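Heads up: the protein sequence lines correspond to chains A and B, in order.
Take the first sequence: its position 20, counted from the start at 1, is 20 in the UniProt record's numbering, and no numbers get skipped.
Take the second sequence: its position 180, counted from the start at 1, is 180 in the UniProt record's numbering, and no numbers get skipped.
Be aware that one or more of the hints could be misleading.
Chain A regions said to be covered by chain B (calculated; three or more residues, Cβ under 8 Å) [as the list claims (entries may be wrong)]:
hint : region
1    : 97-103
2    : 110-118
PhoX-like, lysine-lysine: derived pairs with alpha carbons at most 25 Å apart [to be verified]:
hint : chain 1 : residue 1 : chain 2 : residue 2
3    : B       : K116      : A       : K161
4    : A       : K133      : A       : K107
5    : A       : K161      : A       : K133
6    : B       : K116      : A       : K133
Treat the hints as calculated values from the structure; they're not laboratory data.
Here the structure is a predicted model, which means the values were calculated and not measured.
Positions of the beta carbon are idealized from the N, C-alpha and C atoms, including for glycine.
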Amino acid sequence: MPLETRTDPSRLAGERPLLSVRGLRKRYGEREILKGISFDVMAGQTMVLIGPSGSGKTTVLRCLNHLETPDAGTIELTGEPIGGAYVGEAARWTPLTESQLALQRRKFGFVFQRFNLFPHLTAAQNVAIGPRKVLGLSREAAEARAAEQLARVSLAEHMHKRPSQLSGGQQQRVAIARALAMDPRLILFDEPTSALDPELVHEVLDVMGALAREGMTMIVVTHEMSFARRVADTLIFMADGHIVEQGSPEAVFSAPREEKTQRFLSHILNR
Amino acid sequence: MTIDWAVVEMAIPLLAEGTVTTLRIASLAALLGLTGGVALGLVSLGGWPWARWLVRAYVDFIRGTPLLIQIFIVFFGLPLMGWRPGEFWSGVIALSLNCAAYVAEVVRGTVGAVEKGQTEAAKSIGMTQGRILLYVLLPQSIRPMMPALTNDVITLLKNTSLLSVISVYELTRSGQAIIATHFAPLEIFALLAIYYYAIISVLSWISRVIERRLPAW
Ligand SMILES: Nc1ncnc2c1ncn2[C@@H]1O[C@H](COP(=O)(O)OP(=O)(O)OP(=O)(O)O)[C@@H](O)[C@H]1O
Ligand SMILES: [Mg+2]
Numbered sequence: 001m002p003l004e005t006r007t008d009p010s011r012l013a014g015e016r017p018l019l020s021v022r023g024l025r026k027r028y029g030e031r032e033i034l035k036g037i038s039f040d041v042m043a044g045q046t047m048v049l050i051g052p053s054g055s056g057k058t059t060v061l062r063c064l065n066h067l068e069t070p071d072a073g074t075i076e077l078t079g080e081p082i083g084g085a086y087v088g089e090a091a092r093w094t095p096l097t098e099s100q101l102a103l104q105r106r107k108f109g110f111v112f113q114r115f116n117l118f119p120h121l122t123a124a125q126n127v128a129i130g131p132r133k134v135l136g137l138s139r140e141a142a143e144a145r146a147a148e149q150l151a152r153v154s155l156a157e158h159m160h161k162r163p164s165q166l167s168g169g170q171q172q173r174v175a176i177a178r179a180l181a182m183d184p185r186l187i188l189f190d191e192p193t194s195a196l197d198p199e200l201v202h203e204v205l206d207v208m209g210a211l212a213r214e215g216m217t218m219i220v221v222t223h224e225m226s227f228a229r230r231v232a233d234t235l236i237f238m239a240d241g242h243i244v245e246q247g248s249p250e251a252v253f254s255a256p257r258e259e260k261t262q263r264f265l266s267h268i269l270n271r
Numbered sequence: 001m002t003i004d005w006a007v008v009e010m011a012i013p014l015l016a017e018g019t020v021t022t023l024r025i026a027s028l029a030a031l032l033g034l035t036g037g038v039a040l041g042l043v044s045l046g047g048w049p050w051a052r053w054l055v056r057a058y059v060d061f062i063r064g065t066p067l068l069i070q071i072f073i074v075f076f077g078l079p080l081m082g083w084r085p086g087e088f089w090s091g092v093i094a095l096s097l098n099c100a101a102y103v104a105e106v107v108r109g110t111v112g113a114v115e116k117g118q119t120e121a122a123k124s125i126g127m128t129q130g131r132i133l134l135y136v137l138l139p140q141s142i143r144p145m146m147p148a149l150t151n152d153v154i155t156l157l158k159n160t161s162l163l164s165v166i167s168v169y170e171l172t173r174s175g176q177a178i179i180a181t182h183f184a185p186l187e188i189f190a191l192l193a194i195y196y197y198a199i200i201s202v203l204s205w206i207s208r209v210i211e212r213r214l215p216a217w
């Protein structure tokens, strides 16, 4: 199975990847959902993950920040193993405690398909709660950071509204600001626009495009192929728990090597 | 049969004294029971496994034994441990312990039922279980918990009448004292029923006002 289709220019320069995933496996009961996933993400790059429903895209993202515990494989963020540590002389792999995991999770932003904003808090409070209660910033500093991040997603004037008073697109942008406020090393997006009315999709994609241009590292699961083509540095096509193809979006879109990829692309592009 | 209105007239102010004691006991026990119950409920959701097990055992014990027995155990048990708080505080403690177990169950049920995405979002910004419960799940649960908690407080208020068995001079006991001297049981018990009913109606009304005032989203 071809795992590397193109050579990444930054890898030629000997740069180390920000995120490095090797042999990631996950099963639910009898069914193996991820059957050995390996990829690298370089700092400042955007990787788009596509694939048919049920292929395991969400599971990959959830394993990366240990919302799900992988069964096997390694995840390294700037060289630091995620979810465990090699302990003692024998360097035995020892899973982290929940509070140690929490320390690592803040390095990954996560944007959910259904926003998952805290409904009892205003937009500003949703964004400030992480800096305040997790990073331990003062109230003023946390509020200032919330205001700054909400302005970044063009929601300064909606700061004091609750999620129920915001449109889906606005809610998802608050969710992005909430992730940004933790100053993460990278952000994981799980189909951030698929719960939105079609006319609201672009406002979220615009924010994501701007983040990519500003050098934020992102992994994005999406069915928005034009976004993938425009913004992605790398594209991964997954099917049935495997990575079938990865490379630059032009390469995968214009000359998919695998038949599965061709079928998926012709299906999704001709919708 | 005829109603002895003279006894009724005489009893109305006498019962007021018992009412004050009933209200004092009920408010103290409600305060302690609600606070303790919320704490126990949170522990049963996010505490160490052994702590969860202890809460579980405690709730099972309280639910599995009659309140009357619990009152006697507290009343006769505390002095054995070298503490004689008297019947008033024994009563408050017994009712608080009882109420806390039921409140813990309400909290566990309601807070545990908050949509899973909330916990995941909180985890994704690095929150630990304790903070998630305190800042994300509990605040969202207060309004949905109100009806069940009101029920628990109403039950608590009615249960204060059981404290007459350890000679707490609360509403029921003060009625029994009048019956003992004037022998008009039906009049007095009917009057007691009206007193309890009035108190509980006010309580339900207050609860509804609070529930309406709580922010919705
Ligand atoms: N908690 C779980 N328990 C059992 N099975 C699960 C669980 N989560 C996911 N699955 C199964 O794992 C498979 C992959 O799920 P996943 O959500 O990762 O797919 P996906 O590629 O994100 O699909 P979609 O495009 O529909 O979101 C699915 O068949 C799903 O039913
Ligand atoms: Mg998915």
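Right, here's what the structure says about each hint:
Check on the region 97-103 of chain A: 4 of its residues sit with their Cβ under 8 Å from a Cβ of chain B, so the three-residue criterion for coverage holds. Judged by the Cβ-Cβ criterion of 8 Å, the region 110-118 of chain A is covered by chain B as claimed, because 6 of its residues qualify and three suffice. Pair hint K116 (chain B) plus K161 (chain A) holds up; C-alpha atoms about 23 Å apart against a cutoff of 25 Å. Note on K133 (chain A) and K107 (chain A): the hinted pairing holds, with a Cα-Cα distance of about 15 Å set against a maximum of 25 Å.
Between K161 (chain A) and K133 (chain A), the direct Cα distance comes to roughly 21 Å. Compliance with the 25 Å bound is thereby established for this hinted pair. Pair hint K116 (chain B) plus K133 (chain A) holds up; C-alpha atoms about 20 Å apart against a cutoff of 25 Å.
Of the numbered hints listed earlier, not one is contradicted by the structure.
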